[in-house]
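Keeping their order, the protein sequence lines are chains S and L. Add 49 to a position in the first sequence, counting from 1, and you land on the number used in the numbering used here. Add 49 to a position in the second sequence, counting from 1, and you land on the number used in the numbering used here.
For the record, the hints were derived by calculation from the structure and aren't laboratory data. Where is the CB? At the ideal position from N, CA and C, for every residue including glycine. Hints are not guaranteed to be accurate.
[As the list claims (entries may be wrong)] Only part of the chain S face toward chain L is listed, based on derived beta-carbon distances under 10 Å: (1) ALA72; (2) GLN82; (3) VAL94; (4) PRO99; (5) ARG102; (6) ALA106; (7) ALA255; (8) GLY257; (9) ASP258; (10) LEU260.
2 protein chains.
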Amino acid sequence: MKPSNAPITGDTRLFAIVGDPIAQAKSPALFNQLFVDLGVNAVLVPLQIPSARLPVAIAGLKAFANLDGIVVTVPHKVAILEHLDLLGAHAQAVGAVNCMRRLADGRWEGEMYDGAGFVAGLHAQGLCSANWRVFLTGCGGAGKAVAHAMAGAGIAAIRLVDSQLHRQHELAEQLRAIHPRLHVSQGGVADAEHDLAINATPCGMAEGDPLPFAIDKLRPDAIVADLVMKPERTPLLAAAEARGHRIHLGRHLLENQAALVAAFFGAATSLQATPTHGEYP
Amino acid sequence: MKPSNAPITGDTRLFAIVGDPIAQAKSPALFNQLFVDLGVNAVLVPLQIPSARLPVAIAGLKAFANLDGIVVTVPHKVAILEHLDLLGAHAQAVGAVNCMRRLADGRWEGEMYDGAGFVAGLHAQGLCSANWRVFLTGCGGAGKAVAHAMAGAGIAAIRLVDSQLHRQHELAEQLRAIHPRLHVSQGGVADAEHDLAINATPCGMAEGDPLPFAIDKLRPDAIVADLVMKPERTPLLAAAEARGHRIHLGRHLLENQAALVAAFFGAATSLQATPTHGEYP
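Given these sequences and hints, build the entire structure.
What follows is the structure, given as structure tokens:
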């Protein structure tokens with residue numbers, strides 16, 4: 050897919066993605082293609098913002114009267130919370146946001162669609178996660194987001210593993226409190242009980258990383274997913290594929306999340322569907 | 050000309066135009082077309098910034114590590130001065146800027162190309178202003194910029210008229226100090242001595258405005274120019290055309306200024322000419 054974006058004119062509405070680094074970000078290409086497809090005169094631009102400059106940068110962004118929303122990525126997903134006036138349900142559960150929008154009354158609302166993007170990615174691949182039993186390793190921000198979203202999507206059970214035990218315990222307690230019908234267990238390995246095994250640790254990004262978990266006890270029909278986006282085929286996914294497992298790539302999360310975030314932005318009153326090319330027939 | 054811009058990716062360099070209102074701004078279309086033509090992976094976006102928010106907005110823009118330059122338009126051309134570390138020669142003379150760039154050492158330099166854009170616009174129309182005798186009404190920011198640039202381009206004489214006499218006196222003294230060979234006179238009318246008569250007042254923007262100056266004493270070969278951009282054919286230009294004068298439109302300033310400002314931005318180390326579509330063959 051060749052990304053494109055509509056001609057930018059004085060009345061183009063503005064969105065941004067903030068992160069550091071930002072050169073690798075795929076959101077500008079994804080969102081600008083979405084805006085073209087949706088027929089809205091809007092553009093999303095990448096902003097590289099070092100952590101130390103985040104407060105002044107966000108204050109500046111809020112002062113741009115034609116800027117309606119911000120995608121938030123590493124390392125600002127938690128630090129941004131103090132710049133928000135209210136949080137959506139997913140953001141409250143996860144304690145982090147990946148996007149924020151200006152409300153009609155001028156307040157800024159944050160929400161977290163990383164988990165919903167993962168679930169939407171599974172569904173987009175024709176997979177139905179209802180009643181699944183899931184193995185998840187990594188209970189940091191990404192793991193929390195995915196666990197809460199999968200719980201919300203109706204899985205039956207989840208097994209949590211994190212080398213930082215306090216994170217594992219904390220997420221287990223949170224899930225039990227919010228989703229009382231979900232069966233939550235801790236520790237152990239991915240085995241024959243699991244329909245889906247997910248890596249939500251950074252393990253696999255660096256060359257020479259070990260596999261984040263052993264896959265030799267999984268049933269042949271179990272799906273193996275990795276949230277790591279680069280490399281696209283991590284050692285975990287390569288090993289799973291070699292054993293005949295169906296695999297699920299990290300980029301599906303991002304690609305499916307963009308539409309959800311665009312809808313969140315679209316709910317802002319200022320982003321109206323207008324003929325993008327009206328002036329230039 | 051149908052404006053376009055290159056696909057925006059994570060490593061696209063960013064430029065902005067700040068003003069209020071901003072919806073009418075032509076710079077996004079002009080600059081983004083220029084960036085495409087120059088083969089640079091950069092984009093310029095419109096930012097609507099109310100005057101009261103200018104300080105916080107500019108502080109924010111300076112915190113964006115991948116933003117290299119800002120075009121400054123009404124009403125911020127003078128107020129922006131306190132946010133700059135140094136000024137170019139034109140900006141110093143005029144006391145206002147229309148653009149600013151980040152230098153390699155992190156400082157911000159402002160410059161004023163409104164006047165140079167007007168002169169370049171004349172030249173682009175095949176007109177040679179050397180040794181011209183010019184009539185100019187309106188000694189505010191736009192008039193000052195045009196007067197200084199025309200003086201620098203080698204006109205022989207200029208007659209200044211402004212209903213606010215102190216502005217007329219001040220500009221006359223400035224011009225005499227910087228351009229000792231230029232003949233500067235004040236008051237009076239546009240008459241047979243003038244090769245070019247310029248309106249640099251807002252007169253002509255509102256319906257029912259009177260002509261900013263009488264044109265009945267001009268020679269038939271004199272050129273009449275208006276800095277007002279909307280309407281494109283002001284009552285002054287319509288009257289001049291009806292009398293057989295060659296006219297010069299306000300938009301020529303803007304169109305020719307964009308290339309000058311892009312060059313000013315391009316001198317910043319970060320804006321390198323790179324294949325824009327490298328990733329998407």
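Against the structure, the hints come out as follows:
1. ALA72: Holds - the Cβ of ALA72/S comes within 10 Å of chain L, reaching about 4 Å at its closest.
2. GLN82: holds, 9 Å
3. VAL94: holds, 6 Å
4. PRO99: Interface hint status for PRO99/S: holds (6 Å vs cutoff 10 Å).
5. ARG102: With a minimum Cβ separation of about 4 Å from chain L (threshold 10 Å), the hint on ARG102/S holds.
6. ALA106: holds, 4 Å
7. ALA255: This hint is violated: ALA255/S lies away from chain L, its Cβ roughly 20 Å from the closest one there, beyond 10 Å.
8. GLY257: violated, 26 Å
9. ASP258: This hint is violated: ASP258/S lies away from chain L, its Cβ roughly 24 Å from the closest one there, beyond 10 Å.
10. LEU260: It is violated, given that the least Cβ distance between LEU260/S and chain L is near 29 Å, above 10 Å.
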